[in-house]
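Trainee: Put together the whole structure using the sequences plus the hints.
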Amino acid sequence: MRALFVCNAFRSSVRCWRDRAVTTVPRTPGFCSRRWLTGSTGSVTPGMDEILTRVVAPLPTYETRDKCPPPPESHSVEFMHFYRSLDKDDKRDLLSRLSRDFGVDHKSVSEFAGKLLDTQLRDLATILQVEDRLRYSLTPRYKQLLSHISRVEGGVKFLVDLRADVVEILSSKSSESPHIRDLNGTLKSLLSEWFSVGLLRLERITWQSPCETLQKISQYEAVHPIRNWTDLKRRVGPYRRCYAFTHAAMPGEPLVVLHVALTEDISDNIQSIVREFAAVDQEEDVNKINAAIFYSISSTQAGLQGVELGNYLIKKVVRELQSEFPHMERFSSLSPIPGFWAWLQGHLTQYRKEGCGSDLLSEQEWREVEQTIDPAPGTSVMDSLRKVLGSSEWMRSERLSNVLEPVLMRLCAWYLYGEKRRGYALNPVANFHLQNGATMWRINWQADVSPRGAANSCGIMVNYRYFLNETSTNSALYLQNKVINASEQVLGLVSQFQKNSKL
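The letter at position 171 of the sequence shown is residue 267 when you use my numbering, and the numbering goes up by one with no holes.
No lab work stands behind these hints, which were simulated from the structure alone. Here the structure is a predicted model, which means the values were calculated and not measured. Please note that a few of the clues may not be correct.
Said to hold, decoys possible - The list that follows gives simulated cross-link-like pairs (lysine-lysine, PhoX-like), each with its CA atoms no further than 25 Å apart: (1) Lys253 with Lys239; (2) Lys578 with Lys411; (3) Lys284 with Lys269; (4) Lys449 with Lys595; (5) Lys412 with Lys329; (6) Lys483 with Lys449; (7) Lys163 with Lys184; (8) Lys184 with Lys239; (9) Lys163 with Lys269; (10) Lys284 with Lys411; (11) Lys411 with Lys384; (12) Lys187 with Lys239; (13) Lys253 with Lys312; (14) Lys253 with Lys203; (15) Lys184 with Lys284; (16) Lys449 with Lys412; (17) Lys411 with Lys312; (18) Lys284 with Lys312; (19) Lys187 with Lys253; (20) Lys187 with Lys284; (21) Lys239 with Lys284; (22) Lys595 with Lys516; (23) Lys516 with Lys578; (24) Lys412 with Lys284.
What the hints assert, rightly or not - For each label pair, taking beta carbons as the anchor points, the in silico distance ranges come out as: (25) Pro156 with His202: 14 to 22 Å; (26) Lys595 with Leu573: 24 to 32 Å; (27) Ser458 with Glu372: 36 to 44 Å; (28) Ala572 with Pro473: 54 to 62 Å; (29) His202 with Glu299: 40 to 48 Å; (30) Lys595 with Glu372: 51 to 59 Å.
Where a beta carbon is used, it is the ideal one built from N, C-alpha and C, also for glycine.
Mentor: Below is the structure:
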């Protein structure tokens with residue numbers, strides 16, 4: 097979608113573009129020469145060694161740690177230029193070398209650990225000083241470089257992108273190096289400090305926001321893609337709110353975006369939110385605004401993975417909406433269920449191989465499915481069901497939909513409530529809202545009939561409701577005792593699953 101063009105056409109091009117400038121840092125002539133890169137055999141050339149040795153300063157001694165002057169800013173800029181000039185494989189090699197050869201001095205750590213053991217019978221002041229020396233010795237050399245880069249213009253954004261590369265390396269398993277994992281932990285720790293909630297700014301996005309911001313809001317929308325400029329304008333128009341966290345070190349860059357629908361009641365389908373809009377110039381009737389529905393939350397920076405932003409954004413938005421609508425008491429998500437269909441498909445495949453389909457559906461339900469689907473000769477009912485559920489066409493059949501509703505609703509309830517990873521909800525969206533203290537409140541049939549909704553969760557969505565006087569208790573129970581607070585509807589569906597299925 098050409099959001100900038102649309103904004104320009106729809107609004108005054110003068111207002112949209114005035115005072116806009118893209119700042120680029122000139123490259124050092126000859127700096128990106130391939131002499132710096134790894135060779136075809138994957139070996140590291142002296143150029144990479146040379147630049148790392150130059151820009152990664154030795155860790156100051158404990159005694160001079162607060163007196164040592166910072167390295168020249170040019171070192172940080174040089175490293176940033178160099179890193180950006182590399183291709184994907186070379187970046188991996190550089191990060192591996194940086195984390196391995198410029199990390200913690202393990203010999204020094206061992207020495208201070210031994211000294212700490214030797215001082216256990218000494219006075220407390222001596223013990224604390226040795227502990228502090230040990231703590232300091234655990235600082236990787238490269239941490240200084242990262243800290244200095246953060247002070248350079250564009251440095252924080254560079255480090256966010258660099259961590260995105262590190263996360264990709266770890267997730268793709270292209271490197272099993274424990275040093276890379278340690279680098280990832282160091283970056284995450286630093287970014288968590290720099291992006292603490294007190295340093296973030298809450299911004300409401302409207303049609304009058306800068307064109308570049310609107311373009312990014314459109315590009316970053318990951319839950320319900322924005323179709324065109326009209327769709328975008330309506331999502332920031334009457335009865336809608338769009339909020340984002342921003343950071344002073346990354347101006348104009350939304351970090352996490354929350355879309356909200358202002359409704360009379362808690363919505364049970366996404367079509368009523370993203371397909372049905374008030375006129376863009378319509379005045380809001382406060383009497384028709386009783387509930388706030390969080391229908392999309394998107395993190396925009398892969399490098400901030402694991403840094404808590406979304407939960408704080410929801411809490412801040414709730415306070416913002418309460419200030420605007422003091423009478424509002426209903427706050428709920430309308431959330432997708434990514435992974436449900438993949439989970440169900442896995443069980444269908446498993447049971448087809450093992451011939452135990454009755455563990456999933458009752459014999460009566462299989463007969464009803466067979467009569468409704470009418471599988472082709474030589475094709476099993478289970479294979480036919482997998483094929484049918486693999487598209488959204490079945491939702492158009494009222495008869496098939498009625499047969500599958502009780503089956504899929506109870507299976508989905510179990511997937512959300514009963515399937516766990518280390519005791520917490522397997523589904524990442526459920527885990528997010530439950531950590532925030534929400535209640536698993538209502539599972540909605542045919543709530544998203546789009547092909548995307550069918551592919552993710554057979555069209556089912558779920559409301560996680562935020563009862564503000566219960567969120568702290570619910571969050572503590574979930575995080576500490578792994579207890580999921582759920583409504584009678586959800587627990588009833590779970591009970592049906594336990595009676596009818598044997599997963």
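Trainee: Run every hint past the structure and note whether it holds.
Mentor: Hints, verified against the model:
no.: 1; hint: Lys253 with Lys239; result: holds (16 Å)
no.: 2; hint: Lys578 with Lys411; result: holds (22 Å)
no.: 3; hint: Lys284 with Lys269; result: holds (18 Å)
no.: 4; hint: Lys449 with Lys595; result: holds (23 Å)
no.: 5; hint: Lys412 with Lys329; result: holds (23 Å)
no.: 6; hint: Lys483 with Lys449; result: holds (16 Å)
no.: 7; hint: Lys163 with Lys184; result: violated (38 Å)
no.: 8; hint: Lys184 with Lys239; result: holds (22 Å)
no.: 9; hint: Lys163 with Lys269; result: violated (41 Å)
no.: 10; hint: Lys284 with Lys411; result: holds (23 Å)
no.: 11; hint: Lys411 with Lys384; result: holds (23 Å)
no.: 12; hint: Lys187 with Lys239; result: holds (18 Å)
no.: 13; hint: Lys253 with Lys312; result: holds (15 Å)
no.: 14; hint: Lys253 with Lys203; result: violated (34 Å)
no.: 15; hint: Lys184 with Lys284; result: holds (21 Å)
no.: 16; hint: Lys449 with Lys412; result: violated (50 Å)
no.: 17; hint: Lys411 with Lys312; result: holds (23 Å)
no.: 18; hint: Lys284 with Lys312; result: holds (24 Å)
no.: 19; hint: Lys187 with Lys253; result: holds (17 Å)
no.: 20; hint: Lys187 with Lys284; result: holds (18 Å)
no.: 21; hint: Lys239 with Lys284; result: holds (12 Å)
no.: 22; hint: Lys595 with Lys516; result: holds (19 Å)
no.: 23; hint: Lys516 with Lys578; result: holds (10 Å)
no.: 24; hint: Lys412 with Lys284; result: holds (23 Å)
no.: 25; hint: Pro156 with His202: 14 to 22 Å; result: holds (18 Å)
no.: 26; hint: Lys595 with Leu573: 24 to 32 Å; result: holds (26 Å)
no.: 27; hint: Ser458 with Glu372: 36 to 44 Å; result: holds (38 Å)
no.: 28; hint: Ala572 with Pro473: 54 to 62 Å; result: holds (57 Å)
no.: 29; hint: His202 with Glu299: 40 to 48 Å; result: holds (45 Å)
no.: 30; hint: Lys595 with Glu372: 51 to 59 Å; result: violated (38 Å)
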